[in-house]
Amino acid sequence: MSEWLENHLPKVVLAPSFIAVLIFVYGFIGWTAWVSLTRSKLLPKYEIKGFIQYERLFDSPRWDTAINNLYIFGALFIIIAMVLGLLLAILLDQKIRVEGAIRTIYLYPMALSMIVTGTAWKWILNPGLGIESMVQGWGFTNFEFDWLVNPDYAIYTIVMAAIWQSSGFVMALFLAGLRSVDGEIIKAAQVDGIPTWRIYTAIIIPSMAPIFLSAFIVLAHLAIKSFDLVIALTGGGPGYATDLPATYMYAMAFSRGDIGQAASSAMIMMLVVFAIVVPYLYSELRAKND
Amino acid sequence: MTDLSMPQSQTQTRSQSAVGKIALRWLLYVLLGLFALYYLMPLFVMLTTSLKSLEEIRTGSLISLPREVSFDAWKTAWSGACTGIQCEGLRPYFWNSVLIAVPAVAISTLLGALNGYVVAQWRFKGANIIFSLMLFGCFIPFQVVLLPMARLLGMMGIAGTIPGLIFVHVIYGLGFTTLFFRNYYVTIPSELTKAARVDGAGFLRIFWSIFLPLSLPIIVVTVIWQFTQIWNDFLFGVSFSQAGTQPVTVALNNIVNSTTGVKEYNVDMAAAIIAGLPTLLVYVVAGKYFIRGLTAGSVKG
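Protein chains in written order, with my numbering: chain V, 49 to 338; chain Y, -18 to 282.
What the hints contain is simulated information worked out from the structure, not anything from laboratory work.
Accuracy of the hints is not assured; some may be wrong.
Cut-off 25 angstroms, straight-line C-alpha distance, at most; resulting in silico cross-link-like pairs (DSS-like, lysine-lysine) [said to hold, decoys possible]:
| hint | chain 1 | residue 1 | chain 2 | residue 2 |
| --- | --- | --- | --- | --- |
| 1 | Y | Lys269 | V | Lys143 |
| 2 | Y | Lys2 | V | Lys143 |
| 3 | Y | Lys175 | V | Lys59 |
| 4 | Y | Lys106 | V | Lys59 |
| 5 | V | Lys143 | V | Lys235 |
Go ahead and model the full structure; you've got the sequences and the hints to work with.
Okay, here's the thing in C-alpha cells:
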C-alpha cells in the first residue's frame, strides 16, 4: 500500500488541482455554453432552444455599442501603448545615467488597481474642477474638455487612462527585447558608419518581431477583459456610451437578471480571446517541444 | 591652400557634431523627464488633492500645492466615509482584503509549487497535456465562469463570504502559480532527483530538502504576482461579496460613486491612495521580482 502510494504520489498530488481546473474552468465553460443556448432569464433553464440568445445579442443596440467601443478602445489602446512603449524603450536604451529610477517611475502604474487608476483619472478629467478648469484658470476661458461626460468622446478617456496604466509595462517588454539583440551585429553596423536610426529601423526592430507579438497578445487580452477601469471611470456611461463586452455581461448577469444574455455575451468574449491566444500558445508550445 | 583647409573643415564638422551630440543628449533627458512627469502627475494630483480642504479644491487649481495641509480627508477615508448606507470608511474593507489575500496567496503558492514540481520533475504519461490544460485556464475571460461559480458558491453555502472569495482566488490562481514553478523547476537538472531517489529519498522528502530550499526567488515572484492580482481584483470581489465582506477595491468604488451628500474629492483621493498603497509598497520594495512576474506571466504564458 505505502509502496503504491509512493509510486503514485506525484499523480495524487497533482490530481486535486487538475480536477479543480477541469471542473471550474472547462466544466464551467461548458455550463455557460449550454445556458447560452437556452431561454434562461432570471433563473437558468436547461432546455436547449438553439441560437436565440445570440440572435437577441446581435440585435441589441447596447451590445452593438459595446462591440464598437471594443474596436475603438482596443485599436487605439494597443497601437498607442505599443508606439509609446517602444519609444520609451529606445530612449531608455541610450545608456542613461538614472535608468533604474526612470524605469521605476514609468512602470509603477502597473502595480495599481484599475479602480485606483480610474478614480484618479476621473478626478483629473472632471469637467468642472479638473484639467478643464485648470486651463481656464490659465486664461483660456473658452477651453472645453468635457470628454468624461460627453457620450461621443467618453470612450477616449478610457483609452487615456488605460495607456497611462499599461504603457510602462510595454516599455519593459521592449527594453528587454532591445537588450537581447546581438551586440556584435550592432557594433559591426556602427563600424560601417550606419546611422543610429537606421540601425534601429533596419536591424534591431525587425529582430524583435516575437516581442511585438507578445506585447500585442498581452494588450489585446487586457483590452477584451477591461472591466474595472470602465466601472471606476465612467460606470459604462453616459447612458451606456462606454459599455464594453465585459460591462455588458456584468449588467446582464447581476443587475438585469438576464442570464441567457450574460452567458451568450461571455461566450463571445471567450471566443474572441481564444481566436487571439490559441494560435499564439500553440506556436509557443510547439517551439518549446522542438 | 587646399591642404590647409581640409583638416580645418574636418575639425569644424567634428566640433559641430560634438555640439550636436550634447544637444541631442540634453533633448533625450528632457524627453525622459517629461515622460516621468506624465506618469507621476496623477499620483501627485491624488496626493495634493487629498491634503486640501474642499474649499481649496473648489477655488484652487488641479496641480497647485495645498496652501494648508490637512489630514482630515485621510481620517475620513480610513474610518468615516460612506460606502452606501454604512459609513465606516475603508478600514473594515481593507482588512477584508488582507483576510482574503493572505490565505489565498499562501494556498495557491504552495499548490503551485507542488504542481510545478510534479510537472517539471516527475513527468508521467499525460503530464504535459495536464499542464497545457491548466495553462489554458489562465487565459479565459473570467466572465465565462461567473454565473456557474455564483451558483456553486450558493450551493456550498459560502456565497458572499470571505472563504468563498479565497476559494475563487485559489482556483483561478492555480494556472499561473503552477506555470511559474514549473518554468523554474524545469531548469534544475533531473539527475538531481534521480540521484536522490537512488539514495532512498522519496517524493516529498526530495521536494522538502532539495527543491524548496532552492526556490526562494520563484516563491518571491509568485507571492508578489498573486498578491498584486488578488489585492487589485475587482470582478470577483464585486460579483461574489455582499455588504460587509467586500474587498477594498469594491469599497473604494462605492465611496467614489456614492451619491449621498456633498462630493468629497479629497476623501476619494485619500481612499484611492490607501487602496493602492499595499501593492505600490510591494512594487517599490521588490520591483525587480514584480517585473519578473509580469514578464514571465505574459510572455511565456
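Going through the hints against the structure:
no.	hint	in the structure
1	Y/Lys269 <-> V/Lys143	holds, 19 angstroms
2	Y/Lys2 <-> V/Lys143	holds, 14 angstroms
3	Y/Lys175 <-> V/Lys59	holds, 18 angstroms
4	Y/Lys106 <-> V/Lys59	holds, 10 angstroms
5	V/Lys143 <-> V/Lys235	holds, 15 angstroms
When each numbered hint is compared with the structure, no violation occurs for any of them.
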